[in-house]
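Please build the complete structure, drawing on both the sequences and the hints.
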Amino acid sequence: MEKMSIHPTLLQRKIVHIDMDCFYAAVEVRDNPSLKGKPVIVGGQPGSRGVVATCSYEARKFGIHSAMSSSQAYKRCPSAIFIKPNSEKYRAVSSQIRDVFKRYTDVIEPLSLDEAFLDVTEHQLYGTEIAKRIRSEVFSDTELTCSAGVGPNKLIAKIASDMNKPNGITVVPPHKAKVFMEHLSLRKIPGVGSVTEKKLNSLGFKLCKEIWPIHISELERKLGKRMAGWLYDRSRGIDERPVRTERIRKSLSAERTFSEDLNDLDKIQEEIRKISVRVSEQLVKKDLKGKTITLKIKYSDFEQITRCISIERKTNDVDELFEVSYQLLLKTEVGARSVRLLGIGVSSFGDSEVTDSSITFSNGVQQVLF
Amino acid sequence: MKFSCQSDQFQKALSIVDKAISNRSSVNVLEYVFLSLKENKLTLIGNDLEIGIKHSIPVDSMEQEGEILVKSKTILSIMGRLQNHPVTIETTENVLKIKSEKVDFEILGLSTNDYPQFPKVNDGYLFPIQIEELKDLIKKTIFSVSFDETKQFLNGILIKNEPEHLSFISTDGFRLSLKQKKCEGIDKEFSAIVPFKAMNEVSKIIQTLPQEESIEINVSEKQVAFFIGETTFLSRLIEGQFPDYRQVMPSESVHSYVIPRKLLLDASERAQIIAAESNNVVRFNFFDNELIIKSNANALGEFKEGIDVNRESGEGDSKIAFNVKLILDAIKNLDDEDLVIKFSSEVSPCVIQPKNEGDYTYIIMPIRTNDFQETDA
Chain A
1 MEKMSIHPTL LQRKIVHIDM DCFYAAVEVR DNPSLKGKPV IVGGQPGSRG VVATCSYEAR
61 KFGIHSAMSS SQAYKRCPSA IFIKPNSEKY RAVSSQIRDV FKRYTDVIEP LSLDEAFLDV
121 TEHQLYGTEI AKRIRSEVFS DTELTCSAGV GPNKLIAKIA SDMNKPNGIT VVPPHKAKVF
181 MEHLSLRKIP GVGSVTEKKL NSLGFKLCKE IWPIHISELE RKLGKRMAGW LYDRSRGIDE
241 RPVRTERIRK SLSAERTFSE DLNDLDKIQE EIRKISVRVS EQLVKKDLKG KTITLKIKYS
301 DFEQITRCIS IERKTNDVDE LFEVSYQLLL KTEVGARSVR LLGIGVSSFG DSEVTDSSIT
361 FSNGVQQVLF
Chain B
1 MKFSCQSDQF QKALSIVDKA ISNRSSVNVL EYVFLSLKEN KLTLIGNDLE IGIKHSIPVD
61 SMEQEGEILV KSKTILSIMG RLQNHPVTIE TTENVLKIKS EKVDFEILGL STNDYPQFPK
121 VNDGYLFPIQ IEELKDLIKK TIFSVSFDET KQFLNGILIK NEPEHLSFIS TDGFRLSLKQ
181 KKCEGIDKEF SAIVPFKAMN EVSKIIQTLP QEESIEINVS EKQVAFFIGE TTFLSRLIEG
241 QFPDYRQVMP SESVHSYVIP RKLLLDASER AQIIAAESNN VVRFNFFDNE LIIKSNANAL
301 GEFKEGIDVN RESGEGDSKI AFNVKLILDA IKNLDDEDLV IKFSSEVSPC VIQPKNEGDY
361 TYIIMPIRTN DFQETDA
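Those sequence lines, one after another, are chains A and B. Start counting the first sequence at 1; every next residue gets the next number (the working numbering). Start counting the second sequence at 1; every next residue gets the next number (the working numbering).
Read the hints as simulated data drawn from the structure, not as lab findings. Treat the hints with care, since some could be wrong.
Just the calculated beta-carbon pair ranges, DEER-fashion [claimed, not checked]:
(1) B:Phe105 - A:Lys102: 31 to 37 Å
(2) A:Lys102 - B:Leu209: 24 to 30 Å
(3) B:Gly316 - A:Ala67: 33 to 39 Å
(4) B:Lys204 - A:Glu323: 33 to 39 Å
Nothing here was measured: the structure is a model prediction, and the numbers come from that model. C-beta: ideal position from N, C-alpha, C; glycine also.
In C-alpha cells form, the structure reads like this:
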C-alpha cells in the first residue's frame, strides 16, 4: 500500500457540516402532510417574477432547482404546488435546530437558516457520533431530516454532507482525506463555479488529483497567484478557515465579468436583472434585507466606479433591486463606454432583532422594560 | 519537571482550566496551558485575558520542579485517550514527554517567559458564600442575561450588596430576574457586572461540590475572583451602568392572583406547542377564580386550558399576553408550590413571585396583541 502522509492541519480539528434537506419545502410538507410526495416549490408564484427558494425532491425530478425563475419552474412542472415563503416560521424552526447544535458545541457558524458548520473538536465524543446524535435529535425535535458531513475541516465537511443527501451522513477521517479528494471533481470544491470550472477544464484539469502533481509555480503561471494557492490547498483537502461564531454580515453582493465587453443597453439591462436575481436569492436565503444598494461598473479600460443609493425601506425584493440598480446605471456613462464588469451590492442591513428595543410580530408587539 | 499522576485526574484538572483557554487566539501563548510543579503540587493556569483559571492538584510522586507551556487542546486529547492509566510526565528544555505503559508522546512546548502574569487579587472585598446559595442565585437569574452585543452592560449578572442583602440581577430588556439573599456579615456595599461566561463556568464548577460547603468571592473594581477549593477563578468585570431595577418594579398592581406553579408550568408547556408557530404568543384571561390560557396559530390550530386560581386583589376580568418562553424560563427554575402574578394592565410590567418566598422577583413585559386592541376600540 502506498504510504499515506497526512497533512498536519488535518489532525487538529473535527468539523461537522449540517445541511437541512430541502429545508423550506420540508417544513411546509411537515405542516401540511397532504403535500407529501408532491412536487412542492417554495418561492415566488408562477405569474410573478420571483424565483424558486427551495423545492422538494419530487420537484427536482422535473429539473427544477433553487434560483430558477418561478415561471420557468411552472413550465417544467405545471402541477407543482407553489407556496409563498414563511420566513418567520423557518426562522423559528432554524432556532430549534440551533438549540440542538448548542448541546454539543458553542462554536457554530450558521451559513443560512438551514446550514451550519460546527466545530466539535472540544467534545469528548467522536465527530461521527455527534453527527449521528444531532441528526436524530433534529429529527425528534422538528420531524425534519438533515444531512451531515464530518471531516477535519470546513471544506471536507461541506463536500461530505452533500454526498449522502438526503437524510445521510458521510464521515471523512483525516487519514481518508486524500482518498476522498482524489477522484472528486474540481467542481465539487465550494468556490469553483461554472466559470472557474470551464477554465480549469480548458487547462486539462477535471479532478482534484490532477492538480497534485503540478508545481505551485506552474499553477501560479496558469491561474494567477491567489487562485493557484487556493486551489493547491483545496484540491488536497486543506482548509484552515476557522468556524466563525460571530458572523455579522455587513454587505452582500454579486458581480459578473463578461468575456466580451458590453455596449448594448438592452443586453446590459438583462445582465443587471440576472445579477439582481442572484443577490436577491442570497438575501432571501440568508434572511437579510438591506437599505443601501450599490452598483459597481468596470469600464473596458479597467476604470472602476460605484454608484449607490439608500432607499427608504429595507428590501431583498428582486424587482426593487433591479429597478434601483437600473436607475443607478442611468447615472453612469454606460452606453457611451463599454462595460467589462457589472456588480450589485446590498448593505445597511441595520440592527438585528435583538438590538431593536421592541419587537413587532405579526400578532403583537413585545413591550420593553426600559 | 518530572512527576507521575493518574491520567484521568490530570485530564480533569486540564478541563477545568481549559475553559479559560482560547481556541484560536491572535496571541499564540493563550492557546497554551501553563504547568508548574512545585512541592508535590501541580498548578495549571489558563488565561484568555477575560477569564483566568488557576487550579492545583497533588501529584503521586515528584522528582523535579519546573514549569512549561503546552498546547491545552493537545494535552487534553492525549489524557483523554490514556484510559485512566498512570502517567509519567517529564520536561527537557521545551519538550514535554508523556509516558504511560507503552505509550510515548513528545510534545513541543514553549517557555513560560512570555505567558501573561496571573492577575493578583490583593484589593477589593472578600466574602464567603455557601455553594448551595450561590447555585440558587445563579440559577434563578442567569437565563435573563442579554446576548445583545450592543448592550454589553446587560451581558452579565449584576452582583450587588446593600448591607446584609446580596442581590443577583439580570435583564434583557424584556424581563428582569432579581434574586436576593440575606447575608449577615457582608457589610460592605458594592456592585459589579459579572460576564455570563464567567457565571456559567462557575456554576458548572460548583455543580459537583458538596452543597453545604462555602467558597469565597472577592469583588474589586475591575475584576471578580471566586476561590473554589483548589481553583481560583478570575474574571474581568463588565463596565457600564446597569439599569436600576427599582425603576421598572411596579410599586403596586391592580390585579393579583395566586396560581399553583406546577399547573401553570404544564399548561404553559402545552400552550407552547401551538404558540411556537405564532411567535410564542400566549394569552392569559383571568376571571375571579379561573385563568384561561389560550394560544392559536394560523394553519395549525388552537389551545385552551383552564386553571383554578385565587384572586388576591382587584376586580373584574382581566387579560394579558406574554411570550410563553419568557414565562417558562422563570417558572421552570423555581420550585415553590404557589406563585403570585401581579399586573395593572395588559401593557404594563407583570410581576411573578413565589407566594412564600419574598426574595425572588421576576418582572416580565407583556406582548400587546392586536386582538386586545380591537377589544379596546
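Results of checking the hints against the structure:
no., hint, result
1, B:Phe105 - A:Lys102: 31 to 37 Å, "holds (33 Å)"
2, A:Lys102 - B:Leu209: 24 to 30 Å, "holds (25 Å)"
3, B:Gly316 - A:Ala67: 33 to 39 Å, "violated (57 Å)"
4, B:Lys204 - A:Glu323: 33 to 39 Å, "violated (54 Å)"
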